[in-house]
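Please model the complete structure; the sequences and the hints are all you need to start from.
Chain by chain, the residues run as shown.
There are 2 protein chains.
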Amino acid sequence: MGDPMTYDLVIHNGTIVTVNSDFEIIEDGVIGINDGEIADLGGLDEGALPPAGKEVIDAGGGIIMPGLINTHTHLPMTLFRGLADDLPLDTWLNEIIFPAESKHITASTVRWASLLACAEMLMGGTTACCDGYFFEDDVARSVKDSGLRAVLAQGVIDYPAPGVPDPSENINAATDYVLRWKNNATRLSPSIFCHAPYTCSAETLTRAKSAAQDLDVLFQIHAAETKSEHDRFLSEYNRTPIQYLDNLGILDENTLLVHCVWLNDADMKIIAGRRSKVSHNPGSNMKLASGIAPVEKLAGYGIPVGLGTDGCASNNNLDIFQEMDMAAKLHKASTLDPTIMDAKTVLKMATIDAARAIGLDHMIGSLETGKQADLIIIEAHSPHLTPMYHPESHIVYTAKGSDVRDVWVAGNALVRDRKLVNLDLNEIIMQVNEIASVIKGS
Amino acid sequence: MGDPMTYDLVIHNGTIVTVNSDFEIIEDGVIGINDGEIADLGGLDEGALPPAGKEVIDAGGGIIMPGLINTHTHLPMTLFRGLADDLPLDTWLNEIIFPAESKHITASTVRWASLLACAEMLMGGTTACCDGYFFEDDVARSVKDSGLRAVLAQGVIDYPAPGVPDPSENINAATDYVLRWKNNATRLSPSIFCHAPYTCSAETLTRAKSAAQDLDVLFQIHAAETKSEHDRFLSEYNRTPIQYLDNLGILDENTLLVHCVWLNDADMKIIAGRRSKVSHNPGSNMKLASGIAPVEKLAGYGIPVGLGTDGCASNNNLDIFQEMDMAAKLHKASTLDPTIMDAKTVLKMATIDAARAIGLDHMIGSLETGKQADLIIIEAHSPHLTPMYHPESHIVYTAKGSDVRDVWVAGNALVRDRKLVNLDLNEIIMQVNEIASVIKGS
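Protein chains in written order, with my numbering: chain R, -9 to 432; chain Y, -9 to 432.
These are calculated hints, taken from the structure and not from any lab test. Just so you know, not all the hints are guaranteed correct.
In this list, chains with the same sequence are indistinguishable; a pair is considered to hold if it fits within one copy or across any two.
[Stated by the list, open to error] No more than 27 angstroms apart at the CA atoms, straight line, and that leaves these computed lysine-lysine pairs for BS3-like:
no.	residue 1	residue 2
1	K430	K334
2	K217	K409
3	K287	K217
4	K430	K217
5	K44	K172
6	K334	K259
Predicted, not measured: the structure shown is a model, and the values here were computed from it.
See the structure below:
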């Protein structure tokens, strides 16, 4: 730490896992925060006192690390958590999820369901997410109230959708949404999300991407998720979904391709060449039986990959700790190679690489001077985190969302001692349960 | 519920997930417990008061369910949690784990490490485990003190082992151990664990199995875990590991085969025909890159399969909730079939089928009149368990060990309001951290 001064906030007495480019781990670390940014961080000399701060937090010997980043959510789908599981994909989507969405997704239900999602994410140590859904204005209002950081996209699909009954209005709706939120709220970045290459026409895709380019926002799309999607594009267009999208000019450095389960080497070369990003959602891909994404190969091509949970209907929670454990283990089993997807690689996918994937790595994803103070403290005094030889191993293979004690976003305390600071959890749970009782009865 | 009477313990105001043969789920359920057994259970009429009890517990609208059963542990390996990850199996085993065991496993370290494991299991809702290790007398003393229920096996291996420096004494050591613990402690059943078909000679295997038969205890063995084991038996004996063991007469209804990753249909027919049981450890099999066990096929053969975590060096925790989620998702991804390993099937593998696998299904594994009162309450008032449409879905896909509020074994409260009742967690953590500091320095 540099010269003594008074910080807005000082956090000390913990092991700092910086996730900086050297993957530096600082024992007995201390962080000084001013104006929501990390002003300084380092190790405290033995016997030295932490610097003065308007507020001084003792991390209690726990782990201080960057807040986790969830690169793929559909926040309002908390409403459908566990509504139906273990069904064939078509049945689940066409007979359960789509009808439930068309019946129960309104501005009001989206508001409460999104607040529930924010509560869950914050209490589980996630400080930023990248979302796509409908009624995204209402998602954005909830996320803004929660204090989370987020990239939030209005969905585009060539079918009547919640809030957009006329598909011919889908791109206008998305554009208007982006204009309303662009430079409106500090921690929110608007975005456009085309649902998939098979639910949006080539014209919709190119118009939406062009709008995203003009507005300089992230363009997101589910791509190469299932074998049937893959096979269909090969048979209809003689192209893989990635080749099809690339041919339309959709892929550039502001494109986030979600899932990417069914890729060949040519696809990966295209993605790398276009400097596009990938969101990897192992839990959802497993639960929906989509398959196992070739994530270890993507990393080999230098493609930034961030972890995501997907919506709560297909996971069924928003716990990035669980997703890290899944990601680290799944690919070892499928390749029979225990050395791939090691703890450091996976932890990066939940922090700095996730930040890269959603275009925020200049601000978040690691604990470094000048970056935003988006950070969490993991309480380590518990049986399952004892003993601790390597903090990164515990973060990936042992810790859970419930081990998160405190959470800050831009220096604002959002969780303290496992309690939400500025959301009324009881009210949120009550409101969502009321909506759910209507869904149950329908 | 039957006629009013006074119970030792009454638990009410929760949804009871019985896991009985009809998979009955009882809303607004109530359970009466006498002498450590379930005396009665059922639904409470609207407006009715729960029956009288010396102690009455309000489950707070949560889930009341059987305690989880972990069918494969090496409890003292909590000492090596996260000591080394992401290494080739040979390096990990021969350069890290075996040397650490030979250097640091003593009666005293086993005692504290096992207490830590018990603390972790209890706080995570596991009420019974099936273990195999060395210094098992000391494991047993710790487990006895913790109040857990367990099948605990002394390990047998044809190499010098902790506490058994002379391999020619391995079966005598195991036999003496069993005799010491047989009918000694109510909730503990001794057992014999031959490490593996490739670390025990044919003579050791047959003598150990014969001793287990004479003593009428469960015989356990790691079998068909890795491809290299599989290939080696095929090339050396022209038999799969399962065929090799069967040929030696090792397989009967008191044999628990642990892992069973590399099985063909003939192997499964043999296991089913011998009425042997299987312990499935998805997290460990994934982390060590052993492969993906054909669990959905084993169920098709009617073979009882219980879930297990394996030791903490290869998982890295003892959370059966996490293992359920893994098991439910992994096999969907590997088979591309989202309908297999549904929530009910997987929940059974962590309760009643696990009890079958370790020979305790007459006593535990479901909430039914006459069974032991081994049960847990899951607190449901939290973001990630809201809303709740199907409790079994939440148990498998959303809940975590940290959602467990209360735990009873044989009617004894072992966790209340997330705190251990009769173990001193601070002392255990301190002692294990001291041992770990020696391991770190070595």
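Results of checking the hints against the structure:
| no. | hint | result |
| --- | --- | --- |
| 1 | K430 with K334 | between (43 angstroms within a copy, 20 angstroms between copies) |
| 2 | K217 with K409 | neither (42 angstroms within a copy, 47 angstroms between copies) |
| 3 | K287 with K217 | both (18 angstroms within a copy, 23 angstroms between copies) |
| 4 | K430 with K217 | neither (32 angstroms within a copy, 47 angstroms between copies) |
| 5 | K44 with K172 | neither (33 angstroms within a copy, 62 angstroms between copies) |
| 6 | K334 with K259 | within (24 angstroms within a copy, 42 angstroms between copies) |
In summary, the numbered hints that this structure violates are 2, 4 and 5.
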